[in-house]
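J.: Sequence:
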Amino acid sequence: MKRIFFGLLVFSLWLTPTPGLTQVVTAPVTQMAKSEYKSFLQLFMDYPQESINRDEEGKVVVEFTADNTGRITDRNIARGVSPRIDSTALAIFDYLLWKPGLSLGKKITCTSTYELNFDLKAFRRLVKKRGYLHVPQHYSPYDSSGTIFPMKKCETAPQFQLQDSGTSLAEFLNEHLNFPDNASKLGISGTVKLKFVVERNGLPSNIVVLEYIGGGCTEEAIRLLELTRWIPGMLDNQYVRTYFEINILFKKGENKDGHIPNQSNTGI
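The working numbering numbers the first residue of the sequence shown as 893 and each following residue consecutively.
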């Protein structure tokens, strides 16, 4: 079975309570698990072209406040590199969804920091692996509020962007799915359910596992989802961020090519 591994050695996430908030037991964290966050950076890490030309590098520190629901109420550059890179760091930060900080198990409003390293050598390695230099621009016209809408509120739901072959989402998943060796050996089967955001540029972000199965199936489902591209949902004649759910079925078939029946579910 072919496996694809990506390394981000220098793109890092650091979340620490601001000094003085010693009552914070747990700082805010992304809704994505650590591995999904690393995958998110593989899709969304960007570098201003002028900064590439000028060999600008460094670490940006974003200070932010998350309320007791995880909603970001304020963010600013606490330590910057250049106006171009700082702006890019904020754009990446603005994609992220958060869980609130906790104090003695209680959700609280607190301030923390987020760090993002801009390293040209690492970025060039990433570009070579993912196949594109800059993150795609938003479809136009787009909603600039950044609000994420449930699909039932959209006038037009997000649509899987057909590949050159014109395959459907189910066919795409079947074609690219590699049934994990461990799952096959252990006789593991079932459905992985994922929730994510279809962004205004058509990329999937903020992937969260709703239903997990072992043997490497969940990891393979996430890998598949990250390969997909979408036409964003629309509301009031603007492209919007939209919640979406998908079910990916893992059931070892008798066909020799190993293709697995899959189903998708819009689910919201």
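Note that these hints are calculated values from the structure, not bench results. Keep in mind that a hint or two might mislead.
To be verified - Quick list of in silico lysine-lysine cross-link-like pairs, DSS-like style, CA-CA up to 27 angstroms:
1) K951 to K930
2) K1020 to K991
3) K1087 to K991
4) K1013 to K1087
5) K1021 to K930
6) K951 to K998
7) K1144 to K1085
8) K1143 to K1087
9) K1077 to K998
10) K1045 to K951
11) K926 to K991
12) K1021 to K1077
13) K930 to K1085
14) K1020 to K1077
15) K1087 to K999
16) K998 to K1143
17) K1045 to K1087
18) K1087 to K1144
19) K1020 to K930
20) K991 to K1077
21) K1044 to K1013
22) K951 to K991
23) K930 to K1087
24) K999 to K930
25) K951 to K1021
26) K1044 to K1144
27) K1045 to K926
28) K951 to K1013
29) K1077 to K1045
30) K991 to K1085
31) K1087 to K1044
32) K1077 to K1143
33) K926 to K1087
34) K930 to K1013
35) K926 to K1020
36) K1085 to K1013
37) K926 to K1013
38) K1013 to K1077
Values in this document were obtained by computation on a predicted structure and should not be read as measured data.
J.: Output the numbers, in ascending order, of every earlier hint that fails for this structure.
T.: 2, 4, 6, 9, 10, 12, 14, 16, 20, 21, 26, 27, 29, 36, 38
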